[in-house]
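Each chain is listed here by its residues.
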Amino acid sequence: MAVAIVIAALVLVSIAFPLFTPWWQTPLISNWHSIDSALNITLWVCGISFVVLNVFLAYSIVRYRHREGHRAHYDPESVTLERRLTVWTAVGIAALLAPGLIAWKEYVTVPKDAAVFEAVGQQWQWTFRFPGKDGVLGTVSSRRVSPDNPFGMDPNDPFGRDDVLVESSEVHIPRGQPIKAVLRSKDVLHDFFVPQIRAKMDLVPGTVTYFWFTPQRTGTYEILCAELCGVSHYTMRGTMVIDEQPAFDAWLAQQPTFAQLVAEAAPAAPAAAPTPVISVN
Amino acid sequence: MAYSTIADDARPMHHPKTWVGKYVWSQDHKVIAVQYSVTAVLVGVVALVLSDLMRLQLAFPGMLKFITPSAYLQFVTMHGMIMVIYLLTALLLGGFGNYLIPLMIGARDMVFPFVNMLSFWVYLLAVLVLMAGFFVPGGPTGAGWTLYPPQSILEGTPGEHWGIIFMLASLAIFIVAFTMGGLNYVTTVLQARTRGMTLMRMPCSVWGIFVATILGLLAFPALFVGAVMMMLDRVIGTSFFMPALVSMGQQTNYNGGSPLLFQHLFWFFGHPEVYIVALPAFGIVSDLISCHSRKNLFGYRMMVWAIVVIGVLSLFVWAHHMYVSGMNPYFGFFFATSTLVIAVPTAIKVYNWLLTLWRGDIHLRVPMLFAIGFIFTFIHGGLTGLFLGNVSVDVPLSDTFFVVGHFHMVMGVSPILVIFGAIYHWYPKITGRMWNTLLGQLHFWITFLGVYAIYLPMHYLGFLGVPRRYYALGETAFIPHSAHVANEFITIAALIVGAAQLLFFYNMIWSYFRGPKADPNPWGATTLEWQTPETPPGHGNWGPKLPVVYRWAYDYSVPGAPQDFIPQNVPPEREPLRPVT
Numbered sequence: 010m011a012v013a014i015v016i017a018a019l020v021l022v023s024i025a026f027p028l029f030t031p032w033w034q035t036p037l038i039s040n041w042h043s044i045d046s047a048l049n050i051t052l053w054v055c056g057i058s059f060v061v062l063n064v065f066l067a068y069s070i071v072r073y074r075h076r077e078g079h080r081a082h083y084d085p086e087s088v089t090l091e092r093r094l095t096v097w098t099a100v101g102i103a104a105l106l107a108p109g110l111i112a113w114k115e116y117v118t119v120p121k122d123a124a125v126f127e128a129v130g131q132q133w134q135w136t137f138r139f140p141g142k143d144g145v146l147g148t149v150s151s152r153r154v155s156p157d158n159p160f161g162m163d164p165n166d167p168f169g170r171d172d173v174l175v176e177s178s179e180v181h182i183p184r185g186q187p188i189k190a191v192l193r194s195k196d197v198l199h200d201f202f203v204p205q206i207r208a209k210m211d212l213v214p215g216t217v218t219y220f221w222f223t224p225q226r227t228g229t230y231e232i233l234c235a236e237l238c239g240v241s242h243y244t245m246r247g248t249m250v251i252d253e254q255p256a257f258d259a260w261l262a263q264q265p266t267f268a269q270l271v272a273e274a275a276p277a278a279p280a281a282a283p284t285p286v287i288s289v290n
Numbered sequence: 039m040a041y042s043t044i045a046d047d048a049r050p051m052h053h054p055k056t057w058v059g060k061y062v063w064s065q066d067h068k069v070i071a072v073q074y075s076v077t078a079v080l081v082g083v084v085a086l087v088l089s090d091l092m093r094l095q096l097a098f099p100g101m102l103k104f105i106t107p108s109a110y111l112q113f114v115t116m117h118g119m120i121m122v123i124y125l126l127t128a129l130l131l132g133g134f135g136n137y138l139i140p141l142m143i144g145a146r147d148m149v150f151p152f153v154n155m156l157s158f159w160v161y162l163l164a165v166l167v168l169m170a171g172f173f174v175p176g177g178p179t180g181a182g183w184t185l186y187p188p189q190s191i192l193e194g195t196p197g198e199h200w201g202i203i204f205m206l207a208s209l210a211i212f213i214v215a216f217t218m219g220g221l222n223y224v225t226t227v228l229q230a231r232t233r234g235m236t237l238m239r240m241p242c243s244v245w246g247i248f249v250a251t252i253l254g255l256l257a258f259p260a261l262f263v264g265a266v267m268m269m270l271d272r273v274i275g276t277s278f279f280m281p282a283l284v285s286m287g288q289q290t291n292y293n294g295g296s297p298l299l300f301q302h303l304f305w306f307f308g309h310p311e312v313y314i315v316a317l318p319a320f321g322i323v324s325d326l327i328s329c330h331s332r333k334n335l336f337g338y339r340m341m342v343w344a345i346v347v348i349g350v351l352s353l354f355v356w357a358h359h360m361y362v363s364g365m366n367p368y369f370g371f372f373f374a375t376s377t378l379v380i381a382v383p384t385a386i387k388v389y390n391w392l393l394t395l396w397r398g399d400i401h402l403r404v405p406m407l408f409a410i411g412f413i414f415t416f417i418h419g420g421l422t423g424l425f426l427g428n429v430s431v432d433v434p435l436s437d438t439f440f441v442v443g444h445f446h447m448v449m450g451v452s453p454i455l456v457i458f459g460a461i462y463h464w465y466p467k468i469t470g471r472m473w474n475t476l477l478g479q480l481h482f483w484i485t486f487l488g489v490y491a492i493y494l495p496m497h498y499l500g501f502l503g504v505p506r507r508y509y510a511l512g513e514t515a516f517i518p519h520s521a522h523v524a525n526e527f528i529t530i531a532a533l534i535v536g537a538a539q540l541l542f543f544y545n546m547i548w549s550y551f552r553g554p555k556a557d558p559n560p561w562g563a564t565t566l567e568w569q570t571p572e573t574p575p576g577h578g579n580w581g582p583k584l585p586v587v588y589r590w591a592y593d594y595s596v597p598g599a600p601q602d603f604i605p606q607n608v609p610p611e612r613e614p615l616r617p618v619t
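One line per chain: the protein sequences are G and U, in this order. Just so we're aligned: the first sequence equals residues 10 to 290 in our numbering. Just so we're aligned: the second sequence equals residues 39 to 619 in our numbering.
Keep in mind that the hints were calculated from the coordinates and are not lab data. These numbers were taken from a predicted model, which means no experiment stands behind them. For each residue, glycine too, the CB sits at the ideal point set by N, CA and C. Treat the hints loosely; a few may be bogus.
To be verified - Label pairs and their calculated CB-CB ranges: (1) K60/U - T216/G: 53 to 61 Å; (2) F168/G - N293/U: 18 to 26 Å; (3) H79/G - F173/U: 31 to 39 Å; (4) L163/U - I14/G: 47 to 55 Å; (5) T227/G - P518/U: 17 to 25 Å; (6) K189/G - P518/U: 27 to 35 Å; (7) I14/G - Y368/U: 45 to 53 Å.
To be verified - Selected chain G positions facing chain U (in silico; Cβ < 10 Å): (8) L21; (9) L62; (10) S177.
Produce the complete structure using the sequences and hints provided.
Structure follows, in C-alpha cells:
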C-alpha cells in the first residue's frame, strides 16, 4: 500500500520537477531549433507514457493488494490486447523517430555556402585556423607538428600560405551565415561542445570531422571539451565570440597568416602577403 | 520427451570427501554460485566506495586532498568497469545463472562441473589482477571505463604505463572465465532439462540467463580482440588504434591506426553487454512479480519472444554510442532506427509486468517491493533511452550528466534492485534461513527513494549541458550556482544510499547464523527449485529421482485448484476437476 502511494508521489515529483527546475536547456543561439523540437516532442511523449504507466502501476497495487479471501484471476494471455499494445507502441516510436531523423538529415547536410573554420584540439587547449582569402584550408600533417609549426602546416602548399592561424583559445565567428566547423586533433580524442549551439562533434586524431551551424545571436560563449582527454580534461576551455560581420572582419584582420608567421621567423624572407579577408564562397 | 537428458546419466556424481573439496575446490553449481556472488559483491563494495568518493569530490571540490584529478579519473574508470563487468555480469550470470539453471530445469548440476569450477577460479584471478592495478606504479588506469585510445595509452592519462596493462589483462582473463561458464550454461539449458521441461515451460529467469549468455558468447570476443590489440599497441608499439600523432608536444612512432576501430569493437561488445545484464534481470523480475502477485505471468510466450528479439536486435545497435564520435554521420540513420525498434519488445515486457499485477493478489513482501521498485526505475530509464537513441536528440545530451542519469537508472539501479529482490527471494532456499523483514523493508525504502533522489536531478543537469567526467566544474557561465547545490544534494543522497547497504549486509550475515529456519517453499512458488527434497538442496539437488515436469511455470491461482499454486512437477491427474462453467 505504502509503495503505491510513494510511486504516485514520485510521479507528482517527476511532473513538478521540470516545472520548477532552475536547470533547463541554455538559450539557443544557433539554427538548431529542429534538435530542440525533437527533444521536446520526445519529452512530452515519454513524460505522458511515464505518468500513464506508473499511475497504472500504483492503481493496480492498491486495487489488487492482498486481502483475505481474495484470489487472483487466471489470465494467461490475450493475443488481441498484446497485438494492440504492440501496434500503438510502434506508432508512438515512429512518431518520435521521424522528427529525430528529419533533424539528422539537416545535421549531415552542410549548406554549400557555409563558411569554414577549423578548431584544433590538443591536450589541453584549443587553437583555430581560418582558410584565408582563397577559402581553402592548406594541407596539414601531424608529422609536421613542432613547436615552430604548431599547426603542422605544409610550407610548400600555396593554399596554406594565406591561412589565418589563431594561437589563442578565443575564436570569433560571424553571425548570420552557416559555418562549418572542421575539427582536427593533434593527440587524443576531444569534443567541441558549446551547449548553446546544441550541435557537437568529437575530434579524432588521424581524421578530420565536422559539423555545421548558423550562429544567430552575438555574444561570448564557453567552449568545453566533452570527450575525456586526460587529467586536465576539465580545464580544456575555450571562448567563442559571435560578432556581427564588420567586427568579425576587423578581428580576423589582426590575426597573422601562416606566411606572415614564416616571414617573422625568418626576417630575411620577402614581405608577407597582404592581410587576407575571410571569403565566404 | 524423445531425448534422454544428460541429467539422467546413471553414473555416480563426483562427491566431495573433504571440507576443502566441498567449499573451496567445489564442483557443485550451488557452491560455485555462492563463490561467484560473494566475490562479485565484495568487489562491488569497492566500486560503491569509489562512487561515494567521486560524489564527494563533485560536491565539495578539493575537500579531500587525496582526490587529485588523476585519482578522480581512476575512480571513475574502476567504478564503471567493476560495476558493469565484475559485479553485474558476474553476479547475474556466474551467481544467479549457476544457482538457478540446474535447479529450475531439474538437473543435478551443470553438464561440465569441472569447467564450471575452473570458471570461478579464473574469474577470481581476473578480479585479483584488476585489484592489483591499484598497487602498481602510477595506479590503475584513468581512461574511463570505455578505455578509448589514443589517450588510454598515452602520457596525460593516469595509469598509462602499468594500470592499463593490468586492466586489459584482467578483462582478457575475465572473458576466458566467462566463456567457460557461458558454454556450460548454454549446454546445460539445451541438454540437461528434466523430462517434461520443454523450452516453452522454462521459467523466464532461465530464458533471460540463457539468451544473455548467448549474447555474451557472441559479444565478449569483440572486447577480447580489442583488449589484445590495445595491449600490442601499448607494449610492442603496433598501431591498430593509433594514427600518426603528437603526445605532449612530442612526435610518436605510431602511424596509420584508427581510434574509431576500437570504439566499434568496444561497443559491439558494450551494447549487448547492457542486455547481458538486463535480460537476466528481466527474466528474474518476471518470476518474482508472478509469484508474489499469485498470478500467472501475463503473456508468457510474448515475454519469451521479447527476450529473444531484444537479444538479436541488441547486436545491431552498437553505434548509437558513437553518434558524435566522428564516424560517418550517415550511420546515424540506421542506428537510430534499429535502436528505437528495440523499444517495442522492451515496452511489451513492461506492459506484461503491469498486466501481471492487474487482477492479481499482490503480496507486498520485500522481494516484491524491490520488483515494483524495478518497474518504476526501469520505466524511467527505458524512456530516457529514447532521448539518447534518437540520433539528433542525442547530440546535445551526449557526454552530459543526462547520460550518467540514464544509464545508471536503466542498467545500474534497475538490475541491482532486481538482484536485491532476487537475493531476498531465494535466500531461504540458499541458506535455509529467513531474513529480518523490518531490516529488509528499511533497506528497500532508503535504497529506492535514495536512488531516485540521486539520478532524477542529473537528467536536468544534463539538459543544461553539464559535462560528465569533469573533476571540477569550476566557474562556467552557463552553470548557475544552484547546479552546485544540486551536486551537494546528490552527494548526500549517495552517501545515505551507500551507508544503507550496511543494513543489507547485516541482515544477510546475521540471518545466516541466527535467522529462523525457513520453509522449503515459503512463497508458495511453482518452479522446481522450491520443490527440492532438502532445503538447502543437497549435492545432486533431487535425491534419488529427478523431478518430472507436467506444466508451465506459472500455474498460480488456477480456478478450482485447492491452493493458489500448482508446482511444475505435480501431475495433472492429482489436480481436482475444474468446475464446469
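Verification of the hints:
Look at K60/U against T216/G: about 57 Å separates their beta carbons, and that is inside 53 to 61 Å. The given range of 18 to 26 Å is respected by F168/G and N293/U, whose C-beta atoms sit roughly 24 Å from each other. Look at H79/G against F173/U: about 59 Å separates their beta carbons, and that is not inside 31 to 39 Å. Range check, L163/U to I14/G: about 48 Å between beta-carbon atoms, so the 47 to 55 Å window is met.
Look at T227/G against P518/U: about 22 Å separates their beta carbons, and that is inside 17 to 25 Å. Judged by the Cβ atoms, the range 27 to 35 Å given for K189/G and P518/U holds: they are separated by roughly 32 Å. The supplied range of 45 to 53 Å is met by I14/G and Y368/U, whose beta-carbon atoms lie about 49 Å from each other. The interface hint given for L21/G is broken, as the beta carbon of that residue sits about 12 Å from the closest beta carbon of chain U, more than 10 Å.
Given the 10 Å rule on beta carbons, the hint for L62/G holds: about 5 Å separates it from the nearest Cβ of chain U. Among the interface hints, the one on S177/G is violated; its C-beta lies about 17 Å from the nearest C-beta in chain U, farther than the 10 Å criterion.
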